[in-house]
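Keeping their order, the protein sequence lines are chains A and B. Residue numbering for the first sequence follows the working numbering, beginning at 1 and increasing consecutively. Residue numbering for the second sequence follows the working numbering, beginning at 1 and increasing consecutively.
Be aware that a few hints might be false.
What the hints assert, rightly or not - Here are the simulated EDC-like cross-link-like pairs (lysine to aspartate or glutamate), alpha carbons at most 16 Å apart as the crow flies:
#: 1; chain 1: B; residue 1: LYS24; chain 2: A; residue 2: GLU291
#: 2; chain 1: B; residue 1: LYS41; chain 2: B; residue 2: ASP122
#: 3; chain 1: B; residue 1: LYS24; chain 2: B; residue 2: GLU137
#: 4; chain 1: B; residue 1: LYS153; chain 2: B; residue 2: GLU141
#: 5; chain 1: B; residue 1: LYS224; chain 2: A; residue 2: GLU317
#: 6; chain 1: B; residue 1: LYS260; chain 2: B; residue 2: ASP233
Derived by calculation from the structure, the hints in this document are not laboratory data.
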Amino acid sequence: MPARDLQRAVVRFGGLLRRHGLPVTVGELSDAVRVLDHIDIADRDEFYTALRTILVARLEEIPIFERCFNAFWRPEPAADPVMPGLITIPDGEPATPPGTPKVAGQRRDDVALDSWMSEDEDGETGAPLAVPAVSDREALMAQDFSTFGSEQLDEIVRLTIQIAKRLARRISRRRRPSRRRGPVDLRRTIRANLTRGEIIELKHRRRKRKKVRLILLCDVSGSMDLYSRFLLQFLYALQNAFGRVDTFTFSTRLTRITEHLRGRSYRQVLRALRDIRDWSGGTRIGESMAEFNAQWGRWLDRRTIVIILSDGWDCGEPDLLATELLRIRRRAARVIWLNPLLGNPSYEPLTRGMAAALPFLDHFAAAHNLDSLRALAGTLTL
Amino acid sequence: MEAAEYVTDAPVATAVHLAMTLRKPLLIEGHAGVGKTEAAKVMARMLGTNLIRLQCYEGLDAAMALYEWNYQKQLLHIKLSEGSNRSVDEKEHEIFSEPFLLRRPLLQAITQEDRSPVLLVDETDRCDEEFEAFLLEVFAEWQITIPEIGTIKATHPPHVILTSNRTRELSDALRRRCLYLWIDYPTFEKEVRIVERKVPGVNARLARQVARFMETLRTVRLAKVPGVAETLDWAQALTALHADHLDEALVAETLGCVLKDADDLKRFKAEVSTAGLSKFVALEG
């Protein structure tokens, strides 16, 4: 096969990866082309590993890469039995574009997200909305999210972003003054005393404080549907204003959405999130927390605040939830549970899941309106 | 790579091969104890070159990774030469010269004279984001400027291997500049080969049983899933006890080599009391 064709195919393959969300760089592509001379391209496995090593940069990208690879570089039909593993150079786009197969039960969830998106689009393309006056805004702050109409969406989104940004600034600026002096910093001491010939003034080195990191675990099950849309907006804004945030959603299983929330416009984010399965299903908080601990538990340390956004309607084992929360609690600096139902004066945390979780929380607060989100700021500093 | 006492599979071999051909840093991720660090050692052995290790930790800064002046020696030198009539300029020139320079790993890696060393940046996820950015800068240029001496450019840029345990997400910038390799727990066959190679005198049947045991154990939900290092410790301990097969008493006695978390031990015991040990130890050759 002519080498140039293969090179072009590799470049096209890079394009396919990009369309499926892998941020393949030009440098990586040129490496991929360069490496063709150094590997046995007749060996499909070696070809696969080589491309993967170069074009993939994290574990989470491997499944996407694999789907794209299998769709793009189809094994040569068995007509040539001598070299069964040989790759064929695809002419154009793969016949069956790779993607998550749709499951019938997912229909409902798609609809839910679709409606958000269309509302969002209306807000961007439609006639300019009247800007609410100050008193209107105050009313908005106290209003429960679940009672908002779609015409108020724009304003609420704007306010949410504002709050998230202010929150982020506050977290990152906060420094605790410390009078204790660290070990002597010889480099700076010598520099400061060079002209004196004697060491007179000692310079000290103070250990740099590690910044706070947030881990957000957001319940997106059916019972939270009314709130999720706002909380998600909040998460999105918070993450983009404040670098050290990692965001997960859970219902029956846990999904890390940090990458999906990064950059891009909110509308694109919603589109990306639609592909995540299990949106608005039932809840299994305990299992989800266990999954978090197993996979991401190492991320927790004394500078990490874990925020769980959920109404506590748990269809799983409350005991499991308790064990897993304890595990998080042991490692993290603080565990905060935000429950939108808490905004209702008559609500008491009696659901089995919520009752099991309570002993392990540092803060248990409402998250049903903008005021409650604003009140969060106080609990987010260490 | 097998010749260098490292039992490998194709992906690892290919990735190391590519890292050497393309001369790009290789980022290796994987669970604790799957042999990430080992891969760097083997690469150094294969190339017949030095391994320079930079262990990352929180608060690691450029001074500790690059170079530092030997201040104690400088001060002493100033005191000793107090009576001499050399000028201040001369003295300063003297104490800011190579003999007073402490070479930290990165500078060492750049100033190798005969051939490219292997630079292992271990547990990269533990260092701060600022240091990560600094590393990127060094990798891009392979030159270091020391104000008092001048710019030192690497004549033999090192082969770089970075490892990460994923306690923190590394930046995209760093990831995209590196080749990427994920090392998973070994397959049964591979683990048997590792045990046979690394534990001299191990009974063949025992090796298979241990590997099978570990394979099953990793499917149980544990807080600290044992890695290959644990497998080897255990096989070594069992061999030292002259065991040629696993039985319940032996497992109970030596399990501390494998499970290092109180909850895990409890969970394992519960599992055994319900399902029996036969789930873990298959009755095979």
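Cross-check of the supplied hints:
no., hint, verdict
1, B:LYS24 x A:GLU291, "violated (34 Å)"
2, B:LYS41 x B:ASP122, "holds (11 Å)"
3, B:LYS24 x B:GLU137, "holds (14 Å)"
4, B:LYS153 x B:GLU141, "holds (8 Å)"
5, B:LYS224 x A:GLU317, "violated (23 Å)"
6, B:LYS260 x B:ASP233, "holds (12 Å)"
Hint violations for this structure: numbers 1 and 5, all remaining hints satisfied.
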